[in-house]
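S.K.: Each chain, written out:
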Amino acid sequence: MKKVQIKQLIEKIEGEAELDFTFNDGLIEDVKINFGFYRGIEEILRDKAARDALVITPRVCGICNHAHLLSAVRAIENGYENSGIKIALSSKANDIREFTLACELIQNHIKWLYMTILPQLEAYVNQRSEENYAIKATYLSSTITKAMAIFSGQWPHSSYAIPGGVTCDPTHLDVIQAQNRVDESIKFFEQVVTGLSLDVYLSIDSVSNLHHIKGDFGKMLHLMGSHGLAEIGQSYDRFIVFGECMLSKAGKSIVTNVSNVDTRYVEESIQEGTVAKAVTYKNRLYEVGPLARGMVAKMPIVKSLHKRYKDSLLTRVFARINEVALLLEHTKTLLHKLQLDEPSCTLELNEKLYEFEGTGVVEAARGSLIHKTTVKEGIIANYDIITPTQWNLSHGSTEEQGIATKAMVGSKSIEEATFVFRTFDVCSVCTAQ
Amino acid sequence: MPSQKKPRLLWLQSITCNGNTHSFLNHPDLFSILSYFEVVHHPVLEGSYVMEDVIAGKVPCDVLILEGSFKEEGLKKGGVEVSSLIHTYAKKAKHIISAGTCATFGGIFKQNNPDEISGFCFDLEEKTARYSTYASKLISLPGCPMHPKWMSYVLLMIANQKKIAIDTLHRPVELYGYTVHTGCTRNEYFEWKIDVKNFGLKEGCLFYEQGCQGPYTRGSCNKILWNDVSSKTRAGTPCFGCTEPHFPQTSLFSTQTNMGIPAKMPLGIPRRAYLTLAGVVKSFKIKRFSEKLLEYDK
Numbered sequence: 087m088k089k090v091q092i093k094q095l096i097e098k099i100e101g102e103a104e105l106d107f108t109f110n111d112g113l114i115e116d117v118k119i120n121f122g123f124y125r126g127i128e129e130i131l132r133d134k135a136a137r138d139a140l141v142i143t144p145r146v147c148g149i150c151n152h153a154h155l156l157s158a159v160r161a162i163e164n165g166y167e168n169s170g171i172k173i174a175l176s177s178k179a180n181d182i183r184e185f186t187l188a189c190e191l192i193q194n195h196i197k198w199l200y201m202t203i204l205p206q207l208e209a210y211v212n213q214r215s216e217e218n219y220a221i222k223a224t225y226l227s228s229t230i231t232k233a234m235a236i237f238s239g240q241w242p243h244s245s246y247a248i249p250g251g252v253t254c255d256p257t258h259l260d261v262i263q264a265q266n267r268v269d270e271s272i273k274f275f276e277q278v279v280t281g282l283s284l285d286v287y288l289s290i291d292s293v294s295n296l297h298h299i300k301g302d303f304g305k306m307l308h309l310m311g312s313h314g315l316a317e318i319g320q321s322y323d324r325f326i327v328f329g330e331c332m333l334s335k336a337g338k339s340i341v342t343n344v345s346n347v348d349t350r351y352v353e354e355s356i357q358e359g360t361v362a363k364a365v366t367y368k369n370r371l372y373e374v375g376p377l378a379r380g381m382v383a384k385m386p387i388v389k390s391l392h393k394r395y396k397d398s399l400l401t402r403v404f405a406r407i408n409e410v411a412l413l414l415e416h417t418k419t420l421l422h423k424l425q426l427d428e429p430s431c432t433l434e435l436n437e438k439l440y441e442f443e444g445t446g447v448v449e450a451a452r453g454s455l456i457h458k459t460t461v462k463e464g465i466i467a468n469y470d471i472i473t474p475t476q477w478n479l480s481h482g483s484t485e486e487q488g489i490a491t492k493a494m495v496g497s498k499s500i501e502e503a504t505f506v507f508r509t510f511d512v513c514s515v516c517t518a519q
Numbered sequence: 225m226p227s228q229k230k231p232r233l234l235w236l237q238s239i240t241c242n243g244n245t246h247s248f249l250n251h252p253d254l255f256s257i258l259s260y261f262e263v264v265h266h267p268v269l270e271g272s273y274v275m276e277d278v279i280a281g282k283v284p285c286d287v288l289i290l291e292g293s294f295k296e297e298g299l300k301k302g303g304v305e306v307s308s309l310i311h312t313y314a315k316k317a318k319h320i321i322s323a324g325t326c327a328t329f330g331g332i333f334k335q336n337n338p339d340e341i342s343g344f345c346f347d348l349e350e351k352t353a354r355y356s357t358y359a360s361k362l363i364s365l366p367g368c369p370m371h372p373k374w375m376s377y378v379l380l381m382i383a384n385q386k387k388i389a390i391d392t393l394h395r396p397v398e399l400y401g402y403t404v405h406t407g408c409t410r411n412e413y414f415e416w417k418i419d420v421k422n423f424g425l426k427e428g429c430l431f432y433e434q435g436c437q438g439p440y441t442r443g444s445c446n447k448i449l450w451n452d453v454s455s456k457t458r459a460g461t462p463c464f465g466c467t468e469p470h471f472p473q474t475s476l477f478s479t480q481t482n483m484g485i486p487a488k489m490p491l492g493i494p495r496r497a498y499l500t501l502a503g504v505v506k507s508f509k510i511k512r513f514s515e516k517l518l519e520y521d522k
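Note that the protein sequences, when read in sequence, are chains A and B.
Quick note, the numbering used here runs 86 ahead of the 1-based positions in the first sequence.
Quick note, the numbering used here runs 224 ahead of the 1-based positions in the second sequence.
Don't read these hints as lab results, they were simulated from the structure.
Honestly, I wouldn't trust all of these hints.
When the alpha-carbon atoms are kept at most 27 Å apart in a straight line, the in silico DSS-like pairs for lysine-lysine are as follows [claimed, not checked]:
#, chain 1, residue 1, chain 2, residue 2
1, B, 421, A, 134
2, B, 488, A, 438
3, B, 426, A, 418
4, B, 300, A, 118
5, A, 118, B, 295
6, B, 318, A, 363
7, A, 273, A, 305
8, B, 426, A, 93
9, A, 98, B, 230
10, B, 426, A, 423
11, B, 295, A, 98
12, A, 93, B, 387
13, B, 300, B, 282
14, B, 426, A, 438
15, A, 438, B, 300
16, B, 316, B, 386
17, B, 318, A, 98
18, B, 316, A, 98
19, B, 316, A, 438
20, A, 423, B, 516
21, A, 222, B, 230
22, B, 426, A, 98
23, A, 134, B, 506
24, B, 295, A, 93
25, B, 282, A, 438
26, B, 282, A, 134
27, A, 98, B, 282
28, B, 295, A, 363
29, B, 421, A, 172
30, B, 315, A, 98
31, B, 426, A, 172
When you get a sec, could you build the whole thing from the sequences and use the hints?
M.R.: In structure tokens form, the structure reads like this:
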């Protein structure tokens with residue numbers, strides 16, 4: 087047996103990571119995932135006013151900042167409720183928050199499809215198309231973030247969600263403009279991404295219908311299928327979702343068995359050799375993200391793929407792009423039912439609380455994002471952020487290798503392994519906050 | 225510049241959240257702007273060199289865009305200190321653009337290690353030791369994040385070989401000569417000293433209670449709109465002063481006051497002038513300002 091160790095810098099993820107591969111007899115036996123720099127957002131938050139978290143935590147991440155804002159506001163609201171102050175969001179505020187979060191997820195997934203997966207896949211299978219995928223990515227992402235900014239004021243780094251609601255008070259003029267941006271995004275998804283109308287796409291519920299998908303998504307599926315990528319990249323088949331949202335209920339799925347979860351059993355630990363902390367649920371590792379949501383929600387097409395290919399690279403990639411369709415339809419519905427005559431914020435301005443503890447959970451693009459705040463005398467005594475990529479990219483424990491590591495083990499080459507790695511939609515800035 | 229070689233553009237990150245990268249990707253004319261340059265390396269877009277070449281110091285660079293706070297030691301890429309890469313390319317470059325508040329003044333990440341983390345040429349508003357070496361080619365674009373159109377303005381001025389007028393902190397005056405207050409849709413309420421009664425309302429100004437820093441923050445957020453559609457204050461969110469050297473301060477959602485008057489005055493306005501005007505306008509009760517701006521039929 088011959089062991090070889092190779093270090094590789096991975097770029098063009100959100101930031102960079104360094105992977106240390108251990109090969110044994112030509113196959114990858116272990117991978118250590120290392121991230122560069124710890125920025126100390128949790129320390130920066132300490133001793134600041136409770137609501138400052140709404141401005142500071144979005145700066146964890148340039149691509150999923152809005153998910154951080156919503157986790158932060160939910161943590162404060164949960165703290166208020168734990169202390170007996172009822173937070174009854176108007177359906178308007180709730181719908182606007184859901185809308186803006188959905189827009190951010192779409193932006194994320196589309197950038198990942200066009201700026202990561204397609205170019206990397208073409209490079210890996212050596213069939214470069216010379217197409218400017220980035221122009222497609224930025225067209226759709228800037229269109230949908232425009233829809234979002236009508237309510238949130240801007241993207242990235244909005245702080246428009248506040249305890250009790252939202253700061254905006256939109257008019258029909260605003261809603262119509264947002265609807266135009268959503269319609270444009272749907273048209274793009276239909277004509278360029280899938281070559282199918284959204285309705286027809288959403289009716290696909292089994293692997294046997296996948297060949298109907300055309301466009302860039304169809305091209306990607308075809309390239310993966312014809313290069314033997316459908317079954318590689320399997321991990322533990324163990325998934326977890328903490329945030330309730332339109333994509334999924336909270337719960338965990340082991341193989342296909344779905345059961346309840348509680349954030350109290352989430353534990354963080356320091357890992358050697360990297361600034362990223364590991365995270366477990368009742369001492370076990372779980373995968374988070376779109377595939378987890380598809381499994382816990384028992385989404386028919388995801389279940390069908392899982393039945394044939396298990397938790398492989400193909401199932402994982404599909405689950406993520408599939409969410410774009412679900413979210414696009416959802417954004418349209420949300421705008422349609424928006425009740426503009428309701429209040430935007432139901433918490434009185436002078437209703438302030440000086441001692442509380444709260445937890446906020448959001449399903450971000452890459453999975454469950456958890457914020458925990460402890461406030462004493464009006465200032466933050468402690469703040470904890472657990473990001474989705476900490477679940478997927480940890481080194482694992484003494485008994486088990488990490489989720490992404492497990493998916494890379496058995497690969498024959500660094501190229502194959504790094505492609506598997508990228509299917510987790512890696513974000514280094516979130517992992518090493 | 226038809227016959228000339230395109231300037232080579234390198235976008236280099238240090239301690240960052242990637243927010244300026246994603247802000248710039250929102251630019252509706254992104255690829256026509258970039259067509260004036262050869263992108264040698266960028267964090268997410270295709271470039272003509274890979275990161276390993278950048279780390280090896282062998283990439284050509286005419287325009288260097290810096291994103292993220294600066295630290296001399298402790299942040300490495302591929303085993304090399306990022307600070308040394310920044311020095312290497314800053315020396316080569318003809319223009320240096322510090323993109324965002326972190327690269328310009330130190331920004332949010334400075335707060336975790338104020339002694340060692342700063343901007344590249346400024347530490348808050350003070351000049352760093354590096355300033356004198358690079359000042360002649362430095363343009364500052366503070367903002368957390370910077371606005372994509374502020375970046376395109378600078379890039380196209382460079383591509384067109386035009387001189388950019390700057391202030392003492394090297395910010396382009398065409399962008400930072402204004403305050404965020406300029407163009408705010410709530411200006412009428414500011415003039416008549418009408419505060420907003422709660423968050424989530426169209427009526428009222430956020431300067432008096434909600435901590436809005438727009439009247440003393442430099443930036444054109446309400447002149448060149450965000451995502452082409454809005455701004456913080458238009459969406460009812462206070463301006464947090466994210467373009468300023470000391471961003472972020474604390475208690476961002478409330479206004480500090482002295483005897484009921486905002487502790488910090490609008491840019492350049494003497495306290496006495498402010499109080500005189502406030503006294504005059506507050507002596508009138510304008511009915512229109514006590515009413516809703518518009519109402520829907522029930």
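S.K.: Taking the hints in turn, state whether each one holds.
M.R.: Hint check results:
no. : hint          : in the structure
1   : B:421 - A:134 : 24 Å, holds
2   : B:488 - A:438 : 23 Å, holds
3   : B:426 - A:418 : 24 Å, holds
4   : B:300 - A:118 : 17 Å, holds
5   : A:118 - B:295 : 26 Å, holds
6   : B:318 - A:363 : 41 Å, violated
7   : A:273 - A:305 : 18 Å, holds
8   : B:426 - A:93  : 55 Å, violated
9   : A:98 - B:230  : 24 Å, holds
10  : B:426 - A:423 : 21 Å, holds
11  : B:295 - A:98  : 22 Å, holds
12  : A:93 - B:387  : 45 Å, violated
13  : B:300 - B:282 : 17 Å, holds
14  : B:426 - A:438 : 22 Å, holds
15  : A:438 - B:300 : 43 Å, violated
16  : B:316 - B:386 : 20 Å, holds
17  : B:318 - A:98  : 26 Å, holds
18  : B:316 - A:98  : 24 Å, holds
19  : B:316 - A:438 : 54 Å, violated
20  : A:423 - B:516 : 23 Å, holds
21  : A:222 - B:230 : 24 Å, holds
22  : B:426 - A:98  : 41 Å, violated
23  : A:134 - B:506 : 34 Å, violated
24  : B:295 - A:93  : 25 Å, holds
25  : B:282 - A:438 : 56 Å, violated
26  : B:282 - A:134 : 44 Å, violated
27  : A:98 - B:282  : 19 Å, holds
28  : B:295 - A:363 : 23 Å, holds
29  : B:421 - A:172 : 20 Å, holds
30  : B:315 - A:98  : 25 Å, holds
31  : B:426 - A:172 : 25 Å, holds
Taken one by one, the earlier hints fail for this structure at numbers 6, 8, 12, 15, 19, 22, 23, 25 and 26, listed in ascending order.
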